[in-house]
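These protein sequence lines map, in sequence, to chains X and L. Heads up, the first sequence is in numbering that gives the first Met the number 0, so the first residue is 0 and it goes up one at a time. Heads up, the second sequence is in numbering that gives the first Met the number 0, so the first residue is 0 and it goes up one at a time.
Treat the hints loosely; a few may be bogus.
In this list, chains with the same sequence are indistinguishable; a pair is considered to hold if it fits within one copy or across any two.
Said to hold, decoys possible - Calculated pairs, BS3-like style, for lysine-lysine (alpha carbon to alpha carbon, straight line, at most 27 Å):
hint : residue 1 : residue 2
1    : Lys141    : Lys182
2    : Lys148    : Lys182
3    : Lys168    : Lys182
4    : Lys168    : Lys148
5    : Lys141    : Lys168
By construction, these hints were calculated from the structure, which means they are not laboratory data. Computed from a predicted model, the values in this text were never measured in an experiment.
Protein chains: 2
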Amino acid sequence: MSGSVTIAGLGPGAEALVTPEVSAALAEATDVVGYIPYVARVAARPGLTLHPSDNRVELDRSRHALEMASEGRRVVVVSSGDPGVFAMASAVFEAVEAGPDAWRDLDIRVLPGITAMLAAAARAGAPLGHDFCAINLSDNLKPWALIEKRLRLAVEADFAMAFYNPRSKSRPEGFVRTLDILKDACGDARPVIFARAVSTPDEALRVVPLPDCRPEMADMRTVVIVGSATTRVIARDGAPFVYTPRSVAP
Amino acid sequence: MSGSVTIAGLGPGAEALVTPEVSAALAEATDVVGYIPYVARVAARPGLTLHPSDNRVELDRSRHALEMASEGRRVVVVSSGDPGVFAMASAVFEAVEAGPDAWRDLDIRVLPGITAMLAAAARAGAPLGHDFCAINLSDNLKPWALIEKRLRLAVEADFAMAFYNPRSKSRPEGFVRTLDILKDACGDARPVIFARAVSTPDEALRVVPLPDCRPEMADMRTVVIVGSATTRVIARDGAPFVYTPRSVAP
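Kindly produce the complete structure, drawing on both the sequences and the hints.
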């Protein structure tokens with residue numbers, strides 16, 4: 000039997016957001032590798048070996064998956080959300096490019112999932128209904144100056160923005176700077192959505208005007224969505240609807 | 000029984016990419032409204048009324064859905080892909096904001112789906128694995144000058160880019176200009192992915208270096224993904240893998 004590596008997105012948390020394609024891949028896997036809390040979402044069964052690993056070992060994990068596939072195993076690499084958005088798919092292809100030539104001929108597939116920003120946007124309304132960008136605010140893997148440059152250009156382009164990994168305990172200062180830059184560059188009270196752990200029991204959503212945003216409103220389980228200059232808030236009993244219109248007047 | 004409007008994403012085409020949450024909503028609906036080809040994806044059954052409508056009547060369709068919900072019907076508005084990305088969710092909220100106050104208190108939910116750019120990215124590898132933006136190239140609802148400004152700023156920010164609605168028969172010139180701008184502003188042979196009708200029987204994928212791109216490589220069923228300056232191509236037998244590394248060197 001020939002081996003394979005399937006890089007699958009588990010969605011933001013709820014079982015109801017896992018695609019049938021991903022469920023089928025997991026049902027046929029011999030091995031599942033991934034970050035501990037994501038592997039914990041896969042049910043154990045006879046014939047399936049789970050290989051949970053810690054954070055920040057994405058390349059080691061990728062090589063392990065590729066080695067097992069070379070030996071004929073059907074390996075599924077799990078990510079939360081979509082594996083192609085700030086997740087495991089890039090790490091696996093980095094390992095392929097740097098690895099033995101034979102890895103290029105392996106059966107490697109990526110199965111998309113519901114990424115965090117789209118689950119968050121859906122809960123709030125349609126804040127990403129017009130042109131938008133997605134930025135990873137972690138400066139573990141890129142210089143802070145590049146993040147700052149992208150933030151300023153995104154404001155100039157009037158994109159709505161979705162931020163992944165806005166704030167961790169080890170680097171709380173980046174999101175402080177991000178909010179300072181946005182408050183300075185936007186100069187209005189556009190809505191900001193803090194969406195934590197959407198579709199899990201820990202889900203929490205708040206909509207805050209930009210001038211009132213504070214860094215501690217976000218943590219590593221939060222996706223932050225910043226509206227564009229045209230984004231609207233519809234007040235109502237309960238949480239407001241936030242949406243960005245499809246049109247921009249000439 | 001109280002009415003509801005559920006705005007649901009059917010994903011890019013394959014049944015295996017429809018979330019269980021969306022399938023459950025369709026199973027409980029009394030009415031489904033949407034653009035003709037999307038409503039055609041919903042199976043008829045007793046107790047379900049299908050309301051297909053033509054393109055470019057998004058606000059009329061939204062008002063119809065909200066009116067039916069006001070009368071106690073369980074209405075599902077279907078979009079392909081994700082309803083929050085250049086699709087029906089914004090139109091429904093526009094109708095809510097402009098409509099009677101009572102519409103604000105309706106049970107309105109958005110159910111995310113696999114959006115076209117993420118299905119396309121997964122097929123190609125992981126081209127959106129680092130910071131990226133999504134731009135609708137249709138100038139039906141915004142001035143062309145804004146599109147051009149966003150393209151230039153996105154290049155300056157070195158975002159990977161995903162383009163929706165790149166080219167239609169009625170306005171073929173926009174994508175000509177888009178390619179001219181990119182060839183001028185990027186000045187390199189970065190990979191461009193033309194992903195047509197991913198996950199359907201009409202699926203076609205090609206990876207073309209930017210200088211070799213021609214406008215007729217795209218149509219309205221194509222999502223176009225343009226790599227950033229760091230995007231890599233892994234040559235192999237068959238289609239290459241395209242991915243954007245997670246890291247940017249200082």
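A quick look at each hint next to the structure:
| no. | hint | result |
| --- | --- | --- |
| 1 | Lys141 to Lys182 | both (23 Å within a copy, 26 Å between copies) |
| 2 | Lys148 to Lys182 | both (15 Å within a copy, 22 Å between copies) |
| 3 | Lys168 to Lys182 | within (23 Å within a copy, 42 Å between copies) |
| 4 | Lys168 to Lys148 | within (23 Å within a copy, 37 Å between copies) |
| 5 | Lys141 to Lys168 | within (18 Å within a copy, 41 Å between copies) |
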